[in-house]
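Chains as they are written, first to last, in the working numbering: chain G, 1 to 249; chain H, 250 to 715.
Take these hints with a grain of salt, some might be off.
To be verified - Okay, derived cross-link-like pairs now, DSBU-like style, lysine-lysine, Cα gap no bigger than 35 Å in a straight line: (1) G/Lys178 - H/Lys386; (2) G/Lys173 - H/Lys424; (3) G/Lys173 - H/Lys272; (4) G/Lys175 - H/Lys652; (5) G/Lys175 - H/Lys339; (6) H/Lys275 - G/Lys171; (7) H/Lys303 - G/Lys62; (8) G/Lys2 - H/Lys383; (9) H/Lys386 - G/Lys3; (10) H/Lys340 - G/Lys175; (11) G/Lys3 - H/Lys340; (12) H/Lys272 - H/Lys340; (13) G/Lys178 - H/Lys272; (14) G/Lys171 - H/Lys521; (15) H/Lys275 - G/Lys175; (16) H/Lys386 - G/Lys32; (17) G/Lys171 - H/Lys340; (18) H/Lys424 - G/Lys178; (19) G/Lys171 - H/Lys424; (20) H/Lys521 - H/Lys339; (21) G/Lys59 - H/Lys303; (22) H/Lys383 - G/Lys113; (23) H/Lys386 - G/Lys175; (24) H/Lys386 - G/Lys111; (25) H/Lys340 - H/Lys521; (26) H/Lys271 - G/Lys171; (27) G/Lys3 - H/Lys591; (28) G/Lys173 - H/Lys303; (29) G/Lys173 - H/Lys275; (30) G/Lys175 - H/Lys303; (31) G/Lys171 - H/Lys339; (32) G/Lys28 - H/Lys499; (33) H/Lys386 - H/Lys271; (34) H/Lys499 - H/Lys591; (35) H/Lys521 - G/Lys178; (36) G/Lys113 - H/Lys340; (37) H/Lys383 - G/Lys32; (38) G/Lys173 - H/Lys591; (39) H/Lys591 - H/Lys275; (40) H/Lys303 - G/Lys64.
Simulated from the structure, these hints should not be mistaken for laboratory data.
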Amino acid sequence: MKKVIAALIVLVLGIFIFTNLYSTGEGKLFPKFGEVNLTERVSNSFVNKNVSENSGEIKFKKTKDAESGSANMVTSIVVNYRSFDTLGEVTVLFVSALGIGLLLSGNTRMKFKTPPNFILKTAVRIISGIILITGVYIFIHGHLTPGGGFPGGSMIASAVLLFYISDDEFKTKVKSFKVLEGTAGSLYLIFGLLGLSLGGYFLYNFLPTGTVGELFSAGIVPIIYIFVGLKVGSELSNLISDFLSEEGK
Amino acid sequence: MINPVLLIAIPLLFAFLSVIFKKADKTLLLAAVAFNVFGALVIQEGNIIIGGWKPPFGINLVVDQYSIFGLMILNIVFALSVITSLASVKKYSTVLLVSLASLNGMMLTGDLFNLFVFLEIASISAYIISTMTKSFKGTFNYIILGALGSNLYLLGIIILYATTGTLNMADMSSKISFVNNNILLLALTFIFAGFAVEAKIMPFNGWVKMVYGNVNDLNGGIFASAYATAVILVFGRLFTSIFVLEGNLKTIFLTITVLTFIFGEIAAFSQKNIRSILAFSSIGQAGLIATLFLTGITGGAMMQVANNAFAKLLMFTIAGAMYVYTGTDSIEKLQGLFKKHKLIGFGFSVAALSLVGLPLFYGFYVKIFALTNLLKLNSFWLPALILFASLIEGIYYIRMLAKLWNPGKEGKESKDEYTTKLTLENTFAYAVLAIAVGLFIIYISYNPEFITQGISNYLSNIAGGM
Chain G
1 MKKVIAALIV LVLGIFIFTN LYSTGEGKLF PKFGEVNLTE RVSNSFVNKN
51 VSENSGEIKF KKTKDAESGS ANMVTSIVVN YRSFDTLGEV TVLFVSALGI
101 GLLLSGNTRM KFKTPPNFIL KTAVRIISGI ILITGVYIFI HGHLTPGGGF
151 PGGSMIASAV LLFYISDDEF KTKVKSFKVL EGTAGSLYLI FGLLGLSLGG
201 YFLYNFLPTG TVGELFSAGI VPIIYIFVGL KVGSELSNLI SDFLSEEGK
Chain H
250 MINPVLLIAI PLLFAFLSVI FKKADKTLLL AAVAFNVFGA LVIQEGNIII
300 GGWKPPFGIN LVVDQYSIFG LMILNIVFAL SVITSLASVK KYSTVLLVSL
350 ASLNGMMLTG DLFNLFVFLE IASISAYIIS TMTKSFKGTF NYIILGALGS
400 NLYLLGIIIL YATTGTLNMA DMSSKISFVN NNILLLALTF IFAGFAVEAK
450 IMPFNGWVKM VYGNVNDLNG GIFASAYATA VILVFGRLFT SIFVLEGNLK
500 TIFLTITVLT FIFGEIAAFS QKNIRSILAF SSIGQAGLIA TLFLTGITGG
550 AMMQVANNAF AKLLMFTIAG AMYVYTGTDS IEKLQGLFKK HKLIGFGFSV
600 AALSLVGLPL FYGFYVKIFA LTNLLKLNSF WLPALILFAS LIEGIYYIRM
650 LAKLWNPGKE GKESKDEYTT KLTLENTFAY AVLAIAVGLF IIYISYNPEF
700 ITQGISNYLS NIAGGM
């Protein structure tokens, strides 16, 4: 009976959403897929990098001192135009990892039922270095290529996860990861506060933005993305080690 | 002058630092709390831009009298709660720092998505803080409902963003009138439902009894006063300045909030434990304040927020402390407690009577203000229902106080079995808190302008407010 009622409620909610979302009539309607009028949107200025009305064509490897110098426009939005939100998202991950640490952390390492075999151990030793380097590459080049701090950090944590799977005895140094996590987070905020004291705005991009497409461009964006990458990597690694630990026996 | 963004940045910075310097975490917590109280008292009105991008494009912080009012209450109750119950902080100082930062962020932000981010941080820290008393079932319910609520809110702003193309609150309020009615109905329903979880409004408040009913001296004050203040004030900002409700939608939402008030009070009436009574009373108060906001009596709602924040801070802290030291919070077992601990009893009684709205107390002034304004709007149902629910509230609070002061028939001083566990040493901090907050409530009862001044400033320049 409960399930029938639940199904009915979901059905009613579905009809409610569908009829209202695709209704026709006066006023602004929910735009159909692919038929958005970009010019009346706030995000249009982010894409053209002309929030401060310095419009002009942006050319890869040629334009100098663009408003937000990163070639990847998603990065421009995430770490420059809406950097405050990213600071919040980093904190979301930070506090979730902290909560899991408070509730689940134990002292001894959990053992698997079947011990990892030789092939897995050797393969992980070969692969994990490559994964780590790729992760670091992704967050260093976050302002140039698709990717950035969050995917790069997750990749680093996936290398740690492989170590955990392949070795029964392996245990990360949780404390040093905590120090790394805290330092990266503090540095993000300290850079924000530096912007406040140097430029007058919190999280202000106070470094020159350089030429679009160069590695050293976009001011503080790549620096912040490196902090985000390190922070996400160390947080997720701590998460893995919390999940794979047990209370002392 | 302090830049308002520091109210968010400093607690967050200290939270990150407290992970590195584990030993100094309590010092960092106290430093951040002190800084925030100081900051909330000195910040000035303005529109703070973040990252150097002007408002509709970047994120901005809105500092008007409304948010300053909220920040003052929020930071003061948070500080009082932490300082009084410092012994209960234990490993939770980092989480408390993050939640302080996020509550300040919620009060200040002028961007709908940024509000979602802070709402998310605040609710995740609330889940963690609610595990302090190891009642994991309540926390689990809270997580499920909270996640659903955040998602509904996000869905609501996604629909509005897709339709209007902006996330800035001021920009949104100017564009919202062009949006099609059906889409507005859908989006506002989602936003209302999403906020209803955190604001404890009716169909979504199933978590409250188990979480609020299992608090200790620290997280009780933080949930019932700091969180309640921030969430309900943001609710007020959304539904009075940005989305102005009209017609059927307003009727539906008003019905929900009034029913929340009445059912909250009726449910509280039938409870036996102090913390459960206070939990349902919090639901009722949230319903009352939301009703006042929706009917447009912003001033009355803000006064009731202040009244509720201080009264609930004191009552929840004391009830939590009773539970921590005696192991029970059943009224029957604790009969006659206040006869032994008169100072605590004094504060608790003042808070309860003010919340009920008995004459001579601040709550009376607030209720008269709200009711006369409601009658001016030519609505008679609402004042009648509010008076009816207030009557129930009065009965159960006075019944509770009578039992706690009066030891019973045998003429004993108190039931020693439980009350002797509350010794003078471990109740000292609570007694100081009780005296301070109790005297403050009495002070504002005779000088209501002390709080009203800021509110009337806000209401007089609301036109250019956002």
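Structure-based check of all given hints:
no.	hint	verdict
1	G/Lys178 - H/Lys386	holds (29 Å)
2	G/Lys173 - H/Lys424	violated (53 Å)
3	G/Lys173 - H/Lys272	holds (18 Å)
4	G/Lys175 - H/Lys652	violated (51 Å)
5	G/Lys175 - H/Lys339	holds (19 Å)
6	H/Lys275 - G/Lys171	holds (29 Å)
7	H/Lys303 - G/Lys62	holds (27 Å)
8	G/Lys2 - H/Lys383	holds (30 Å)
9	H/Lys386 - G/Lys3	holds (22 Å)
10	H/Lys340 - G/Lys175	holds (15 Å)
11	G/Lys3 - H/Lys340	violated (41 Å)
12	H/Lys272 - H/Lys340	holds (10 Å)
13	G/Lys178 - H/Lys272	holds (14 Å)
14	G/Lys171 - H/Lys521	violated (49 Å)
15	H/Lys275 - G/Lys175	holds (19 Å)
16	H/Lys386 - G/Lys32	violated (43 Å)
17	G/Lys171 - H/Lys340	holds (23 Å)
18	H/Lys424 - G/Lys178	violated (45 Å)
19	G/Lys171 - H/Lys424	violated (55 Å)
20	H/Lys521 - H/Lys339	holds (30 Å)
21	G/Lys59 - H/Lys303	holds (25 Å)
22	H/Lys383 - G/Lys113	holds (30 Å)
23	H/Lys386 - G/Lys175	holds (30 Å)
24	H/Lys386 - G/Lys111	holds (28 Å)
25	H/Lys340 - H/Lys521	holds (32 Å)
26	H/Lys271 - G/Lys171	holds (21 Å)
27	G/Lys3 - H/Lys591	violated (53 Å)
28	G/Lys173 - H/Lys303	violated (44 Å)
29	G/Lys173 - H/Lys275	holds (24 Å)
30	G/Lys175 - H/Lys303	violated (41 Å)
31	G/Lys171 - H/Lys339	holds (26 Å)
32	G/Lys28 - H/Lys499	holds (21 Å)
33	H/Lys386 - H/Lys271	holds (29 Å)
34	H/Lys499 - H/Lys591	violated (46 Å)
35	H/Lys521 - G/Lys178	violated (45 Å)
36	G/Lys113 - H/Lys340	holds (33 Å)
37	H/Lys383 - G/Lys32	violated (48 Å)
38	G/Lys173 - H/Lys591	violated (52 Å)
39	H/Lys591 - H/Lys275	holds (31 Å)
40	H/Lys303 - G/Lys64	holds (22 Å)
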